[in-house]
Amino acid sequence: MSRTHVTCVLNGDEIDFLCNDYQTLLSALRDELGMIGTKEGCGTGDCGACSVILDGQLVCSCLVFAPEVEGRRVETIEGLAEVDHLHPLQDSFLEGAAFQCGVCTPGFLMAAKALLDRNPSPTETEVRYGVAGNLCRCTGYDKIVRSILDAAARMSDPERQKEAT
Amino acid sequence: MKYRAPTSIDEAVELLSAHPGAEVFAGATDLIPQIQGGRPEPSLVVDLKRIPETVRLEAENGFWRVGAAIPAAVLTAHEGLTAAFPGLVEGAGLIGSDQIQGRATLGGNLCNASPAADSVPPLVALGAEAIIVGRGGERSAQVSEVVIGPSATSLDQSEFITEFRIPAPSRGSSDAYERFIPRTEMDIAVVGAAARIRVDGDGRCEEAAVVLAAVAPTVVEVSAASGILEGRVIPHYSGRDAFWDELGEAVVACCNPIDDKRGTAEYRRKVAQVLARRTVVTAARRARETL
Ligand SMILES: Cc1cc2nc3c(=O)[nH]c(=O)nc-3n(C[C@H](O)[C@H](O)[C@H](O)COP(=O)(O)OP(=O)(O)OC[C@H]3O[C@@H](n4cnc5c(N)ncnc54)[C@H](O)[C@@H]3O)c2cc1C
Ligand code: FES
Ligand code: FES
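Chains A and B, in that order, are what the protein sequence lines are. Residue numbers for the first sequence follow this note's numbering, so the first one is 4 and each next one is one higher. Residue numbers for the second sequence follow this note's numbering, so the first one is 46 and each next one is one higher.
Heads up, some of the hints might be wrong.
[Said to hold, decoys possible] Listed below are the simulated EDC-like cross-link pairs for lysine to aspartate or glutamate, each with C-alpha atoms no more than 20 Å apart in a straight line:
{"hint": "1", "chain 1": "B", "residue 1": "Lys47", "chain 2": "A", "residue 2": "Glu73"}
{"hint": "2", "chain 1": "A", "residue 1": "Lys146", "chain 2": "A", "residue 2": "Glu73"}
{"hint": "3", "chain 1": "B", "residue 1": "Lys306", "chain 2": "A", "residue 2": "Asp58"}
{"hint": "4", "chain 1": "B", "residue 1": "Lys47", "chain 2": "A", "residue 2": "Asp49"}
{"hint": "5", "chain 1": "B", "residue 1": "Lys94", "chain 2": "A", "residue 2": "Asp58"}
{"hint": "6", "chain 1": "B", "residue 1": "Lys315", "chain 2": "B", "residue 2": "Asp290"}
{"hint": "7", "chain 1": "B", "residue 1": "Lys315", "chain 2": "B", "residue 2": "Glu334"}
{"hint": "8", "chain 1": "B", "residue 1": "Lys47", "chain 2": "B", "residue 2": "Glu103"}
{"hint": "9", "chain 1": "B", "residue 1": "Lys47", "chain 2": "A", "residue 2": "Glu129"}
{"hint": "10", "chain 1": "A", "residue 1": "Lys146", "chain 2": "A", "residue 2": "Glu162"}
{"hint": "11", "chain 1": "B", "residue 1": "Lys94", "chain 2": "A", "residue 2": "Asp24"}
{"hint": "12", "chain 1": "B", "residue 1": "Lys47", "chain 2": "A", "residue 2": "Asp19"}
Keep in mind the hints are simulated off the structure, nothing from the lab.
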């Protein structure tokens, strides 16, 4: 069967790939592009492990058909850190011990990034709703929520930002 | 399974007419989980999101035109729409998580034909019309006529909804939606209730619509509600006003619920009364605030 050629902007770079029409974006990222940072938990939209940002919108990549991203902008966990330093969310997750096995972490980080892009100083309740679509079997969530709040504080404090870079 | 993304209504209708096994989709948040769950794959999926009419959102000539393929996240971020129809935006804003709302659409929520769809009761309460295109050209139908049973719609295989046309609220008119689930996020309604209320200059109810989700095979309108609430100044709920009991009885009369893991039929009847009262009070307060 002939495969479909897709061109998109992935983490800022124009790229192209071949896929089958029935493949999901999650499968194209992992199996066609070797970008295995994005994880698969459920495949049905319930766990958020596969979260990516598509044209500025947080989505489950397991619920997107790969050919849909033709001409679109996709952001994944691989694009979160800068060349020489981590994103403040990643620093906060490390310092706050916000993961154990780590399978849920890329999804939480992308959901948290989408939240902070929209709402730079969320309340704890807003953070809890912002990551309600992400499941974690290990941490009990509290450290994740506190780390996101800490990153938000870091990002709005110029002194702490300087310190990080 | 093949994927196509037509850029015009005509192209989409042609594809659907030529492929009897084709199915339209927008957010795929119902479609993909159903395929994962073992439902046979369509031979062709037709993505509606690149057809300009399905993603348009504007107010004109006394109507709001809301594209059927706009994701909920765009609707909930839209200030004009939120001011006009706070209840509809509440419904859309309750669908799944932020991730799901990045994709889920009003067209998909309606045409998936679940009795628990959160955006459908407000659409029905608002008297929204669905604009439907297909082999036979364009037609319109009341949203309440689109779903005919669980997982069944009145659309034929070549048809799809391009947009919803919702009468702009008059002064003194507003809406509300609430649902009950056992936790705060990521669950399907045990019961949902939408209300639209119009009040006169003295704050008296002139017109009311109450619509329930998850208590019958389809969303149901409590048609007696308008007669019961007309002429009332709707205060906070108080057991002293007899009309609340009348409304409760009318709500129960419309319910034909099932027992399932989310709640028994009896429990659903009780919760439906509570939610109907709450949304009526909220919609009436919002309606007075527009005066
Ligand atoms: C984790 C999760 C949580 C969810 N939580 C909720 C919830 O809380 N409340 C709720 O109501 N739903 C919920 N849903 C269900 C789903 O997200 C909604 O029903 C959503 O609105 C469907 O929209 P969609 O565009 O993704 O539909 P799609 O999957 O694209 O389509 C659904 C069906 O509608 C048809 N269709 C789509 N658009 C049109 C159109 N314009 N014209 C004609 N037919 C069309 C398709 O052919 C398909 O049969 C949840 C789903 C998931 C995965
Ligand atoms: S893998 Fe996509 S939500 Fe679980
Ligand atoms: S750290 Fe293991 S699932 Fe979250």
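Now for the hints, and whether the structure bears them out:
no.	hint	result
1	B:Lys47 with A:Glu73	holds (15 Å)
2	A:Lys146 with A:Glu73	violated (37 Å)
3	B:Lys306 with A:Asp58	violated (38 Å)
4	B:Lys47 with A:Asp49	violated (25 Å)
5	B:Lys94 with A:Asp58	holds (13 Å)
6	B:Lys315 with B:Asp290	holds (12 Å)
7	B:Lys315 with B:Glu334	violated (29 Å)
8	B:Lys47 with B:Glu103	violated (33 Å)
9	B:Lys47 with A:Glu129	violated (40 Å)
10	A:Lys146 with A:Glu162	violated (24 Å)
11	B:Lys94 with A:Asp24	holds (16 Å)
12	B:Lys47 with A:Asp19	holds (19 Å)
Hints 2, 3, 4, 7, 8, 9 and 10, counting from the list given before, are not met by this structure.
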